[in-house]
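Student: Chains as they are written, first to last, in this note's numbering: chain A, 1 to 346; chain B, 1 to 471.
Since the hints were made in silico from the structure, they are not lab data.
Among the hints, a few may not be true.
[As the list claims (entries may be wrong)] Quick partial rundown of chain B residues pointing at chain A, CB under 8 Å, derived from the structure:
| no. | residue |
| --- | --- |
| 1 | Asn45 |
| 2 | Phe93 |
| 3 | Ser437 |
| 4 | Ala450 |
[As the list claims (entries may be wrong)] Derived DSSO-like pairs (lysine-lysine); straight-line CA-CA distance at most 27 Å:
| no. | chain 1 | residue 1 | chain 2 | residue 2 |
| --- | --- | --- | --- | --- |
| 5 | A | Lys5 | B | Lys434 |
| 6 | B | Lys224 | A | Lys4 |
| 7 | B | Lys184 | A | Lys180 |
| 8 | A | Lys293 | A | Lys261 |
| 9 | B | Lys224 | A | Lys190 |
| 10 | B | Lys184 | B | Lys413 |
| 11 | B | Lys224 | A | Lys186 |
None of these values were measured; they are calculated from a predicted model.
The C-beta atom is built at its ideal place from N, Cα and C for all residues, glycine as well.
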Amino acid sequence: MNLKKSLLITIILSLAAIGVWEVYWRSKGYFPDLDDDKFLWARTRAKVDKASSNDVVLIGSSRVLFDIQVPQWEKQTGIKPIQLANAGATPLPIFHDIVENSTFNGTIVVGVTPGLFFSTTFPQAPPWDRAASRAKFYEDQTYAQQLNYALSIPLQKTFAFISNDEEEWYDDINLKALLKTIQLPKRTAKPDMPPFYRFQDIDIDRNVRMKQKVVTDTAFANSVKTVWKFFMSVHRPPPDKEGTMAFFLKDLEKFKARGGKVILVRLPSSGFFHDLETNGLPRKDFWDVLVKKANVPAYYYSDYEKLSGFDTPEWSHLSGPDATLFTERFVNILLEDNLITNTKPN
Amino acid sequence: MLFNSLSFIVFLVVVVALYYSNLLSWNNRKRMLLFTSYVFYGLWNPPLVIILWLSTIVDWVAANNLAVEENQRKRNGWLALSMVVNLGFLGFFKYGNFLLENFTYLMNTIGVEYQAQPMDIILPMGISFYTFQTMSYTLDVYNRKAKPANTFLDFALYVTFFPQLVAGPIVRAGELIEQFYQEKKATVEQFIWGLFLFTLGLFQKVVLADSLLSDTADTVFGSKEALNFWDAWAGTLAFSGQIFFDFAGYSTCAIGIAMMLGFVLPHNFLYPYGAIGFTDFWRRWHITLSTWLRDYLYIPLGGNRLGMTRMYVALMVTMLVGGLWHGAAWTFVVWGALHGFYLVMEKLFRRKVNIKTTQWNGIFLAFLTFTLINFTWVFFRAREFSTAQIMIESMLFLHPNGILVLEYFDLLKVFILVGLLFLTHFYMRHHTVKMVSESVPNWLFSFVWAVMIFLIIIAQGSGEQFIYFQF
Chain A
1 MNLKKSLLIT IILSLAAIGV WEVYWRSKGY FPDLDDDKFL WARTRAKVDK
51 ASSNDVVLIG SSRVLFDIQV PQWEKQTGIK PIQLANAGAT PLPIFHDIVE
101 NSTFNGTIVV GVTPGLFFST TFPQAPPWDR AASRAKFYED QTYAQQLNYA
151 LSIPLQKTFA FISNDEEEWY DDINLKALLK TIQLPKRTAK PDMPPFYRFQ
201 DIDIDRNVRM KQKVVTDTAF ANSVKTVWKF FMSVHRPPPD KEGTMAFFLK
251 DLEKFKARGG KVILVRLPSS GFFHDLETNG LPRKDFWDVL VKKANVPAYY
301 YSDYEKLSGF DTPEWSHLSG PDATLFTERF VNILLEDNLI TNTKPN
Chain B
1 MLFNSLSFIV FLVVVVALYY SNLLSWNNRK RMLLFTSYVF YGLWNPPLVI
51 ILWLSTIVDW VAANNLAVEE NQRKRNGWLA LSMVVNLGFL GFFKYGNFLL
101 ENFTYLMNTI GVEYQAQPMD IILPMGISFY TFQTMSYTLD VYNRKAKPAN
151 TFLDFALYVT FFPQLVAGPI VRAGELIEQF YQEKKATVEQ FIWGLFLFTL
201 GLFQKVVLAD SLLSDTADTV FGSKEALNFW DAWAGTLAFS GQIFFDFAGY
251 STCAIGIAMM LGFVLPHNFL YPYGAIGFTD FWRRWHITLS TWLRDYLYIP
301 LGGNRLGMTR MYVALMVTML VGGLWHGAAW TFVVWGALHG FYLVMEKLFR
351 RKVNIKTTQW NGIFLAFLTF TLINFTWVFF RAREFSTAQI MIESMLFLHP
401 NGILVLEYFD LLKVFILVGL LFLTHFYMRH HTVKMVSESV PNWLFSFVWA
451 VMIFLIIIAQ GSGEQFIYFQ F
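Chain B extracted, bound-state conformation (with noise of 0.2 Å):
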């Protein structure tokens, strides 16, 4: 089920309407949220509710275990059970073409002949994001950081938790599970609130990403041919807008959902396009992403601890291993290698040059930041090496004569919001929606807010789907 249907407007009213009727105790307040959590996944494909199921049922087996068992190699063992099971699915569902296609690739490329018929894999929506949510908390309970649930229904709540099941935020076990713990429910103002940005999200999604930048975005990544300058860049900074728009508009729905029921889910973004270098800009993209990584795999590898080559080495093996959670494909290895390499740039630069950002400098740093981030986001969109390499090259103004696909109010429309998001990210950097519209009357409050309702129902979008559930 997607937020941006009419399916879930109904679903909601139904879930919000139980959840407040006097009718249910706590726990079974509880039970109607895991159900109807199960029937907004099972909605989309009822089998492939059974995988939820599973590696629910795995990790809450392995961390009931782990965190009673006393002997070392039985505690790897149902570690490894967990992981096995949660990479399993992972490998097999999401990755199970590529790896076909590149081993196919490295047989005859050595010369055996060998050619293997794609598998027919359905993808399950947000595999991504709930395996490593679940593996997240097998993991804290191994590295005794987190106790497990205290009751299943908790933890398959947790795991399933309809608001940020399928594209995030990736919850950690402290985050959450503790919430479902004492009753709760959302005081008319945090109510409220949560409507407003489900509405705030929605409008990312419907009115900015879907129907204001997403054609142009495909216009010029469907283009074949080399392109001209500003069309390059209009492709790539509108695709930038709709990704960010998309994805953030998500987040902003389930956490608006999420306190609706009285329920809160941490930040996901805190507007990156206003960030200054690259680490400042992974603590404001995704940022439930970049933790996990940063905890389960950085630290693990050794982070800052062993020495500037070995942090690099790190830093470098985390982003390639990011940038192959969005999608199997090597154009987002690229994507991630590309990330990596701006991070190790920085620290190197840092070393070297103490800058002391200023507000006169600031913005131009940021201007830079939000300028190198957009080369990435090509290997991100292109679903290509050739198409990638047109579009940088086109961008580097390397194609003079490339060809125009794009009409004057496309390019007016893509800079003009592009531009206004950046400025509104550079603004936003030490300001959240909360404290600005506490800064304003109420009348205008009331009018912002009912511009974005009355432009999402007259965009009438036709459900298309947020991008990040196919990661």
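Chain A on its own, in the form it takes in the complex (with noise of 0.2 Å):
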């Protein structure tokens, strides 16, 4: 055997499958980006111990990621705020995590997803633990862990048929995800969770955007519709309205103790959430009590003529252009009530 033979020819055929591989998926329309992961949340939350009290820091569920856009609030304010909001997550643990690991004492914008935010507090429930487990993977990350995902932004930046968010979606393109698709009969008598195909894209500040596609294929905004359906239609304990309000409170004055500002927003939904939300959490019996006593600076969305009226097209998000518009006002709104610093000259 001739092994500098063999190495030439490996590295041929090696380079020729990874070219072939990146052309096909581009093909099918996958393009280079990044994935949301615990790495580039634990890159953004180590802003979090540099940022001064004139910096805002971006805490909640999913609304918050999609509909308030951080380019446009950079625009605004000359202040690039700090998105840690997380899907499917409350922000309690966020919270705590800013209040009890940092000093940061400036403004903390909550978002109150309420079917997330009074969720509970129990540490292995997935609203809980997909927030917290973030925030002990930003104390506890190694060098190695650091550099690492220094090295693979500009691979994720390059090519395609890099995919590996944690959400670990329906298309995505690692051997795993690959597998998963491979149909055959069904044996156990799980239900099968319809697929949830990737509806939205994320930048290196955490910023993210609904992909186009969910306004204009009305057939894709329906199949992220009934992952929405499916998930709610799994036997959910009841919302622990005291224990989170006590353990958010608690936080709270901690954090007003020491200088820092909050804001609560709740976000728009529509459709099927807005009902469920309007039933299962009636705003007098959750937000209000809530807002009353937090004591702070606190807008609902309905409330305002400006933030009210916008499309979700899978009723729980703002498509792109709505966002940037919706971010537009609210960050007004926020001005004109004093309630953030604006570093750019008028």
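Work from the hints to combine the two standalone chains into their complex.
Tutor: Here is the structure:
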């Protein structure tokens, strides 16, 4: 065996295979992008430790990720907000992490998605764990992991075939995800989760934008709606209003005491989610009680004409252009109310 | 730093470039290897490099004194110092909480009310490996089987050599230190073969262990309910494959990387699932640990020199310690005890019955061995005895109405993959990868190598830690 010759053939074959793989997925509409994972979250969380009292941190659930556009906020105020919201998660552990593990005393905008905010404080429950595990990862991450991530960014931005999102989307194209698409007759009684396609893009600042396909392709938007219905059909424990509120208010007092400011915001929803939230977690029993006890500025979208009337194509999030407009209006209101700093000259 | 990470690829390229550049003398190249080995370790948790340094310094001083000291009491003292420091680190970092939990349990059992807060201890990566390695050095010098290293640099590099620092192979002084005395450079053929082994190891870890088997094992062992017979077996077989590919993958990477630098590390795995009998299994599984336990525990306990009963006792003690070496939990002790029991039974059986292994009964005996080995893996993987009990009962068909947790695809994947693993190991009992690769055409070898690289790249593993790092 001639090893030199073997190595040469191997290099040629490997490069050709990867090249064909990349071209194939690009032809299917994939393009290089980042994954929303714990590494990107931790990289963003690190900014809080260097932030000043003029800075703004965004926490909450996916509605904060989709609906508040980081570049638009920066365009209007000169300050780039630090986006730390997490999809499908309560903001409480993140707020707790910032209060307990940093000296940040700027402004924190807390998105209140009732079904998640008031869900639980049980550490193993998914809405809690999804957020808390990221805060823990930030504390525990090694230098090697930070270095790995720094090296992965240019690769993620170059190759479309790199897709390894923690959400494990149906249309991810890593080996595990591809194997999961193989369908054989069903054996277990577990309900089949409908395909959950990635419907947003994220950038290095964790700014998330809904894919335009959700707006233009009704079938695609419906596939996301089907997933929401599936999630809501699974038995869920009742909300823990008292427990979650007590947890939040305790941290809030500590944060206020060191000069920090908190702004609560309730972002738009429609259709199935709107009905579910209105009936299951009525505003007067949840939001209003929270606002009264927290005694901080609070914005409920439907109270403001400028924040109302937006379309949510899959019931829960704004399209990219709408999110930009919504952010513009929301920031204007905050500036008018003198709640955030504007470093830009008039 | 993990082998299956981007930072390691960059690290390796830098190390190899510096090593083969003509900028550095041999001594400076060794210094560079030592420094980069500390970087390799320190990028995980820098302060814990201090433990590595302490272990290195204590054994260097102890062994140098042992080499020149003639007074037996003083020699015993130097040996005791090394053992106390190394086993002390191991005891504190690895077994501290386990000892505390058991002490608390014991106190409560005898009616003494005692509660202790668990200690917040970080387990230094690979501590079991490097403490056993340094202890072997001091013990060999004590027993006059080895001479102390020529220089502190050679010894420090022996303790810290990055390819095998965190998960072995556990290398004896004679196997590695002397390789540092003379300038080493891999030939082009050795370098390429080392690169191939590195790829093979990564393929085992990233593709086979992490992408194809780990989820199935996690699903099955995560179940709190009694399982269907097929699910229980699939979960156990998946873990059986995962642990092999994970650990053998690491060893193969380590051997390959060392070879790229011109060093030879010993084999750690020789197709263990093709073993016929348990003695054969332990000659093929984690070879450097089993030989360590044989030389520094089993033989000092009497080995087979003091009669059959003492031999069986020594064997059981050795396997119990081997179990505990893997983890601070009683489930690991039971894993070791089961292996000890198998070995004792095999020896008793062989005394009564003489079975000649032929090519016809060989595969049946290997399959029987593999099946029994799988029962031991249940205790290794289960975090609690209740889980292990459910699994064993389900595997013995005691829960005909056990729940189904795996889909047909998972079952097919595991049974085909682990079936092929068993058959490959049986076939490879008397072969090596080198022999097989030399018997196939160049294009086929290259094709297989390229397929492995392609699958590693599209697997895009999330940099999951090697299982044995925790040991």
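Student: All hints are to be evaluated individually against the structure, with a verdict given for each.
Tutor: So, going through the hints one by one against the coordinates:
1. Asn45: holds, 7 Å
2. Phe93: Since the shortest Cβ distance to chain A is 17 Å, the answer is violated.
3. Ser437: Constraint on Ser437 of chain B satisfied, holds at 6 Å.
4. Ala450: Check passed: Cβ of Ala450 of chain B comes within 4 Å of chain A, closer than 8 Å.
5. A:Lys5 with B:Lys434: Holds. Lys5 of chain A to Lys434 of chain B sits at ~16 Å (cutoff 27 Å).
6. B:Lys224 with A:Lys4: violated, 53 Å
7. B:Lys184 with A:Lys180: Not OK: Lys184 of chain B and Lys180 of chain A at ~47 Å, beyond 27 Å, violated.
8. A:Lys293 with A:Lys261: holds, 15 Å
9. B:Lys224 with A:Lys190: holds, 16 Å
10. B:Lys184 with B:Lys413: Violated - the C-alpha atoms of Lys413 of chain B and Lys184 of chain B are around 44 Å apart, more than 27 Å.
11. B:Lys224 with A:Lys186: Between Lys224 of chain B and Lys186 of chain A the Cα gap is close to 22 Å, so the pair holds against 27 Å.
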